[in-house]
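Number of protein chains: 2
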Amino acid sequence: MTLTGNLLIGATEYSPTRGTLLALDPSTDTTIEPAFALGGIEEVDRAARLADEAFDSYNATTLAVRAAFLERIADGLDAAAPELAQRASLETGLPAAQLEGEAARAATQFRQFAQVVRQGRFRQATIDPAQPERQPRARMDHRMQKIALGPIAVFGASNFPISYSVAGGDTASALAAGCPVVVKAHNAHPGASEIQARVIREAVAASGLHEGVFSMIRGEGTQVGEALVDHPLISGVAFTGSEGGGMALYRRAQSRPDPIPVFAEMTSVNPTFVLPDALAARGHVIGDGFAERMLVNVGQACLKPAILLAVDGPGFDALKAAMIARVDAMHARTMLTPGIFQAYRQNVERVRATGAAQIAEGASGEGRWDGRPALFEVSGAHMLEEPSLSEEVFGPSALLVRVADVEQLVALARQFRGQLSATLHADAADHPLAARLLPILERRTGRVVINAFAHPQEVSYASIHGGPFPATTDSRFTSVGMSAIERFLRPVCYQGFPDALLPEALRHDNPLGIWRLTDGEPARTQA
Amino acid sequence: MTLTGNLLIGATEYSPTRGTLLALDPSTDTTIEPAFALGGIEEVDRAARLADEAFDSYNATTLAVRAAFLERIADGLDAAAPELAQRASLETGLPAAQLEGEAARAATQFRQFAQVVRQGRFRQATIDPAQPERQPRARMDHRMQKIALGPIAVFGASNFPISYSVAGGDTASALAAGCPVVVKAHNAHPGASEIQARVIREAVAASGLHEGVFSMIRGEGTQVGEALVDHPLISGVAFTGSEGGGMALYRRAQSRPDPIPVFAEMTSVNPTFVLPDALAARGHVIGDGFAERMLVNVGQACLKPAILLAVDGPGFDALKAAMIARVDAMHARTMLTPGIFQAYRQNVERVRATGAAQIAEGASGEGRWDGRPALFEVSGAHMLEEPSLSEEVFGPSALLVRVADVEQLVALARQFRGQLSATLHADAADHPLAARLLPILERRTGRVVINAFAHPQEVSYASIHGGPFPATTDSRFTSVGMSAIERFLRPVCYQGFPDALLPEALRHDNPLGIWRLTDGEPARTQA
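The listed protein sequences derive, respectively, from chains H and R. Reading the first sequence from the start, the letters are residues 188 to 714 in my numbering. Reading the second sequence from the start, the letters are residues 188 to 714 in my numbering.
Worth double-checking, as some hints may not be accurate.
Just so you have them, the derived chain R footprint on chain H, three or more residues with Cβ under 8 Å [claimed, not checked]:
no.: 1; region: 440-446
no.: 2; region: 455-468
no.: 3; region: 625-634
no.: 4; region: 674-683
no.: 5; region: 700-710
Here are some, though not all, of the chain R residues that point toward chain H, as calculated from beta-carbon distances under 8 Å [as the list claims (entries may be wrong)]:
no.: 6; residue: Pro446
no.: 7; residue: Asp557
no.: 8; residue: Ile637
no.: 9; residue: Val646
no.: 10; residue: Ser650
no.: 11; residue: Pro678
No lab work stands behind these hints, which were simulated from the structure alone. Where a beta carbon is used, it is the ideal one built from N, C-alpha and C, also for glycine.
Given these sequences and hints, build the entire structure.
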């Protein structure tokens, strides 16, 4: 695939109107060709208008047409995977083999959403048939289905340049919902972004859809992103990235004359609680597994387990020794961008400045932007006094908390703000304590894991990648998993409709054969 | 029931800390005893803390206990209905008979939510069983259910002093979700509010629940409401009222350090489109029916049909004559509050000032706060030039739009902002035009009605009382109907859990016998 560096707005390519940028290979600190076009508010306006024009026809696509479109994207991602992984590796410093896996998972995700579309349950078709004889007054026929929210702006993350980027879960779920998508490409991987965007726009064309179903724009600084969030024809925003970036977009969207929903997935330290019997039985295994996971993707992962809490006692020293051994043995590795590297160094200094003891450090690397693994230890009492230690350090660093007793562990659990996940390591004898911690963790997280590590994650019906603030801006939704589609749907009730005017999902003879709720009971029958 | 006028925070009654207020009987312009306590931020804090203390135990109630609690409230509302209707009538000027019906519907609503709780589908239990043999890596067991969002602040409306007030749909759906509720009582009907609050707190006590499950506070001005929305232990807000009031709370909640969801139902003109064949066949019937509905509740209803659009042609004059006849024949009636009366007069003047022709006017009344019915007519061209004519006039006023042709009707449909509902009157020959209007209306409304009037509304599984901004602040939800509960729920995923630690809804043998999604298929079996 030839990269032109152009902005891809609908079916048209646009040359730069605000200069260009070059991608950086962070492992060699050198720039990479070609130059990528930067746009401004005119390009945002063009993309948003096209998306709006595309809305009616795309929202009205049959389930079969929409599912086939998503599968074309999946096929395109598969075909482009080697090239995409290579380019993404150049731009991120992440291993190409890992990125081929990420491309494969992204393709799988589009196929899964095609399946969700075919099943038709996302419509949440609900039917309350007429009750002409009801007293004291008759009930009219009421039918409800969910339709697309409107054009969606997607802001991808830097750290997973495929599965949380242009062809990631936000785009897949918004397209599955029937929403046209305008992606603001992340400037840290413009080439990988272009490859993904070309795959999607080719699928748009091959499926005979309105060109406005997908556009990708790019800009320097915050102007283009802000213009996108401000645009009156944009109906919702999906964002993955830092708390600062996410909140800036969130607050901006809420300040519009007509506020729009923003789902921003932002920050999480994913605390791990090792309960006494599990600690005694397998402290070493847990410490080793934790440290392995914290170093995946050079610690640049939303699900990185960043804090391990264990009550001091049998197994603690083995756990700690295993963590130290793995961190000490790991070399520094290239971080995604110079900015992320610098922030990592500053955050490690911030942890150090609280008085936390550094108990392990990976070897320094040769690259300019190589992040050195770091492991700190604090007492539970210290942690209770320093809530800033619960803030994320994006990169290969973690914190071991030596907890005095069970009551202190419970107090520490209560101190955490919203999280994407929390993990318990618990044996049978730990279950009473696990049951005590569970309501505390349910209230603070989107996912609780027992005896495993939260990464990598499933894309399935039950998966949740969400959680209370500041993990996300709306704990009622998820950005990963089949129910991610719900962010981009809204209900419409049809009252007293003749069958001929009803949408297909709600017709009497259920021509789509989908699950529907009739008088409160699920069924696939006519109604 | 003896009204004390106290603030009802948990199980305790609190005397005024910020003075008192007296209710006004708007029909006689006289005040009514007793004096009602006003509180301040200390009372808000007390109620929010109690709600937070109640959260864990209330969220963990079994389906049976929670359903029985809701049914106790229903029984209490039934028992209190005559007294409640009488007091509400005194405080609002609305007929007691109508308010008895409203009390009965409020009780029914609690019973319906009890049924929703028993069905257990609100948990949206979803199970992706382990796949230990899956390649390239095994899948762990993932289970998801929805739990309560947290303590909810409810702001009721002035116009339906029961069904959209203390014991209205917001409280019923939040309690059904497992959320403790703090109601800020509306100062226009403090006595009706106290009666409802006493019913709910008696049910809390009789059900053996934590007292913090329900509190009612009251304050003057905006301080108490703002303190409630600001309180760090409040997790969500439900509001019904004006666009000004709703947006003030919305923007405040979004400015918190940790923004919280706000569902505000605010404003709608519920446009009615009369298509040519229906107009020719039954213009008189439609005009008469429309005018009847616009006058219900003295036009003080969120679903009041406020604008009727019809293409000039056969039947138009009959439609217009029927509307005029009914409006001219109607006497002025007491409006809810002096403030609402004054705003109504100002809004009628605003319509007049646009050059709209007043074609009918009800007789003036004897009461000081009696609102006179008013009917205006404008051309479609005039309406296109004066978008302010699409803004709500809260009260017994409506606008007839004489549309030049079908293209102008389509253009007018596109001009509307978000609405709770839109209505089409259409005969078979009108179906092609109806089909053309439908996508325009779906995108702008939460409900489309054919050949009926939107009021009164059903509380059922398919009912939607929501819509795009400014009808509500989040078009993805509804404040009426069984799915109103979804505003107050959030998903939690349980990964790798032993059966003993799983919540009941997710256990292998499905002890609750509820519908669950297993590997993407609905079933009531074990998994």
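> Against chain H, is Ser650(R) within 8 Å by beta-carbon distance?
Replying inline: 6 Å, holds
>> Would the hint on Pro678(R) be counted as holding, given a Cβ-Cβ threshold of 8 Å to chain H?
In response: 5 Å, holds
>> Between the region 455-468 of chain H and chain R, are there enough contacts, at least three residues with CB-CB distance under 8 Å, for the coverage claim to hold?
In response: Answer violated; 0 residues pass the 8 Å Cβ test.
> Holds or violated: is there a CB of chain H closer than 8 Å to the CB of Asp557(R)?
Replying inline: 29 Å, violated
> Per the coverage rule (Cβ-Cβ under 8 Å, at least three residues), is the region 674-683 of chain H covered by chain R?
Replying inline: holds (count 9)
> Would the hint on Ile637(R) stand, with a C-beta cut-off of 8 Å toward chain H?
Replying inline: Hint holds; Ile637(R) Cβ to chain H Cβ min 5 Å, cut 8 Å.
> Was the hint right that Val646(R) lines chain H, CB cutoff 8 Å?
Replying inline: Violated - the Cβ of Val646(R) stays beyond 8 Å from chain H, reaching only about 10 Å at its closest.
> Do at least three Cβ atoms from the region 440-446 of chain H come closer than 8 Å to Cβ atoms of chain R?
Replying inline: holds (count 4)
> Are 3 or more residues of the region 625-634 of chain H near chain R, judged by a Cβ distance of less than 8 Å?
Replying inline: holds (count 7)
> How does the coverage statement for the region 700-710 of chain H fare against chain R, requiring three or more residues with Cβ below 8 Å from a Cβ of that chain?
Replying inline: It holds: at least three residues are needed, and the region 700-710 of chain H offers 5 whose Cβ sits within less than 8 Å of chain R.
>> Min Cβ distance, Pro446(R) to chain H: is it shorter than 8 Å?
In response: OK, holds: Pro446(R) within 8 Å of chain H, min 6 Å.
The earlier numbered hints that this structure contradicts are 2, 7 and 9.
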